[in-house]
Amino acid sequence: MLERINRAYTQIARATKTLGRKINIMEVCGTHTVSIFRAGLRDSFPDSLKLLSGPGCPVCISDHGYIDAIISLSDRSDCIIATYGDMIRVPGRKGSLEQRTKQGNIKIVLSAEDVLKIAKQHPDKKIVFVAVGFETTAPATAVIVREAKQQNIKNVFVFSNHKTVIPAINALLSEVNNNIDAFLCPGHVSVIIGSNAYLPIVEKFKKPCVVAGFEPMQIIDAISEICKQLADNTPAVASVYPAAVNEQGNKTAQKIVSEVFDEGDGYWRGLGLIAQSTLKLKNEFSEYDAEKQLNIEFIPEEDLTGCRCGEVLCGLIDPPQCAMFGNECTSDTPVGPCMVSSEGACSAWFKYGRRRRRRQ
Amino acid sequence: MSGEIVLLAHGGGGRMTDELIRNVILSAFGNFTLNKLTDAAEIQIGQNSISFTTDGFVVKPLFFNGGDIGKLAICGTINDLAVSGAKPIALSMSLIIEEGLEIEILRQLLNSAAKTAKEENVEVVCGDTKVVEAGAADKLFINTSGIGLKLPKANIGFERIQPGDKIIISGTIGDHGMTIMSQREGMKFDTDIQSDCGSVAHICANVIEVCGEDIKFMRDPTRGGLAAALNEIVRQTSSAIEIDEEYIPVNPSTKAAAEMLGFDILDIANEGKVVIIVSSDKAEKCLSVCRQSKNGKNAAIIGQVVKSDEPIVELITKIKSRRIVQMPYGRELPRIC
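Protein chains in written order, with the numbering used here: chain A, 1 to 360; chain B, 361 to 697.
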């Protein structure tokens, strides 16, 4: 273990020397964010290395328009909202789903297949599935859409905010002011999309993309590899998670997603509209598309006044630089989504950070 | 307090529970004894010091790997008495039963409770039975209360904790919470994890007998896990606590399940563990007594109380970095016990 840590230190020092400044590595996976904090990795590296938590948590990147639309749907007496647990605490303009649980029409699901069960139990209601997540959860949503069609279930409506990682990385690096030197690429997502998916990024932007699993030592190895590439100026796609990730990814999962979804433009909190970044149901499944069937009012809007989650997600500020962090916005009273989600950067910072900032 | 209704998180044993207790319950009943918020109240009757406690059990499912609600209802109350330094003497049991519960299921659960009580040499001496209409409760809820006699050598209290004292945990953490989670509807994954549901009375009595006043404090880390138990301790003292991840016993299957579901193992409930704070001099002795006691064979010294301006719990991680261990929020696992 010590040998691997020492190797990372050596490579960080080499990369710092080559670049002549601090190195910024961004992770784009909420599980990485949590693992980095739980292991205390940030504090163990020299100051010359900065780890940025990018848009890797599905709750955090859901923009206000989407959140408000779900909350409006939950106020309709003909709808039942089926959602993953973390979404219920995200505050929108008219409060959160959590404050509406007494209405009895908000169901927390642990897997997409629960949605079909709820639909069968409540044939007189419209079941709206809050479909969020990256390439890892999209296949499960695709399966229930296909099953609903096969079983002729008519009361399931998918409100898709499934996102894809590559367009987000592309958008971040296309920003003129970005300070990102490399990406620590997500383990689970890469199992599905394959490590070759990052090749166009490396070719276009000349930035290292290294895939890692979630053990702290794997993350340390990935940082070693990234810094080695930076020091030698040999940006490439690499994986320190070869047991699980191959170049091509999971073809079966990719196939079912492409059968059910098209890539469309979509809003991301902090990043705005990103082309081809959001999975939308194909026309042949439009009877299950909440956006087409339920007359949803969708107004993309800015963050609530004072909330700087958008800047956190782009790696422009650390959570404690937001004036609300640790004051109005805590894990008990979250204002922004990055504090709500257990995988959000603000939540991880608040839960595991060394010191809490308190307004005097 | 967020909103005007009670949320599941208010029952989670974390910060929200704490808020509900302080703002609503203590403001109604607050008195000298209750305000201490100890696991069991201590009442002086003549020459005798009596410990008195009560606990409700709403675990879902009723049967789980390693136990059931009957066994849990006996052990939970016995453990609250034991960590207060008392020998459990007698218990009460109230049942709230939903119409429709099969008598055979009830019989099995009560036999399990009776067997556990017998093994622990404690009798259920009074009780109550209520039946509510279908839908008004979920199958079966149990309340047990218990009284115990304070052990003569026990001298336990937050105020006795000092920098330098060692922290012992009596075995692997997180097993109960992850077992319940893995058996919940909709979750169901195959695993060999087993709840630690069991009594810590033997461990507590034995360490007090051998180490006496060197045992400063004990607590069973139930809802909110080790994180909540240690945070409650630092809140009541002016010291901090540091624990070392390397020495905290964790069953590998439990760890894998927690990681898969994204939980921090330190936040996960235990139902047969005790945290013991012991003077540095007697720590090794206390550890060996724990390991020889029933349900204590995996005990370990996991950290110590340290002098600090800030009452925090810190974890030294496996890569020898440090991070804060906070009081869990409490939403994660409703109806765990």
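Incorrect hints may appear among the rest.
EDC-like, lysine to aspartate or glutamate: derived pairs with alpha carbons at most 16 Å apart [as the list claims (entries may be wrong)]: (1) Lys396/B / Asp604/B; (2) Lys678/B / Asp124/A; (3) Lys678/B / Glu215/A; (4) Lys654/B / Glu479/B; (5) Lys678/B / Glu3/A.
Using C-beta positions, here's what the derived DEER-type ranges look like [said to hold, decoys possible]: (6) Pro523/B / Leu316/A: 58 to 64 Å; (7) Ser111/A / Arg651/B: 38 to 44 Å; (8) Glu479/B / Glu311/A: 41 to 47 Å.
Some, not all, of what chain A presents toward chain B, calculated at C-beta under 8 Å [what the hints assert, rightly or not]: (9) Glu3; (10) Ile5; (11) Arg7; (12) Tyr9; (13) Ser44; (14) Gly92; (15) Lys94; (16) Glu98; (17) Gly104; (18) Val191; (19) Gly194; (20) Pro216; (21) Glu328; (22) Ser331; (23) Ser342.
It should be emphasised that the hints constitute simulated quantities derived from the structure, not laboratory data.
Just so you know, even glycine gets a beta-carbon here, dropped at the ideal spot from N, CA and C.
CB-CB spacing for arginine 651/B and serine 111/A relative to the 38 to 44 Å hint: Given range 38 to 44 Å: holds, Cβ gap about 41 Å.
Satisfaction of hint between glutamate 215/A and lysine 678/B, Cα-Cα up to 16 Å: holds (11 Å)
Hinted contact isoleucine 5/A with chain B - closest CB pair below 8 Å: For isoleucine 5/A, the interface hint holds, since the closest Cβ of chain B sits about 7 Å away, which is under 8 Å.
Minimum beta-carbon distance criterion (8 Å), serine 331/A to chain B: Serine 331/A check passes; min Cβ-Cβ to chain B is 5 Å, inside 8 Å.
Hint validity - arginine 7/A Cβ closer than 8 Å to any chain B Cβ: Hint on arginine 7/A: violated, closest Cβ of chain B at ~13 Å, above 8 Å.
Given hint aspartate 604/B paired with lysine 396/B - CA-CA distance at most 16 Å: Not satisfied, since the Cα-Cα distance of roughly 29 Å exceeds 16 Å.
Proposed interface contact between glycine 194/A and chain B, which counts if any beta carbon pair is under 8 Å: Hint on glycine 194/A: violated, closest Cβ of chain B at ~22 Å, above 8 Å.
Consistency of beta-carbon spacing, leucine 316/A to proline 523/B, with hint 58 to 64 Å: violated (41 Å)
Given hint aspartate 124/A paired with lysine 678/B - CA-CA distance at most 16 Å: Violated: lysine 678/B and aspartate 124/A sit about 53 Å apart, past 16 Å.
Interface restraint verdict for serine 44/A against chain B (beta-carbon cut-off 8 Å): Status holds, d = 4 Å.
Closest C-beta approach of glycine 92/A to chain B relative to 8 Å, hint status: violated (15 Å)
Residue hint lysine 94/A, partner chain B, criterion CB-CB below 8 Å: violated (14 Å)
The structure shown violates the earlier hints numbered 1, 2, 6, 8, 9, 11, 12, 14, 15, 17, 18, 19 and 21.
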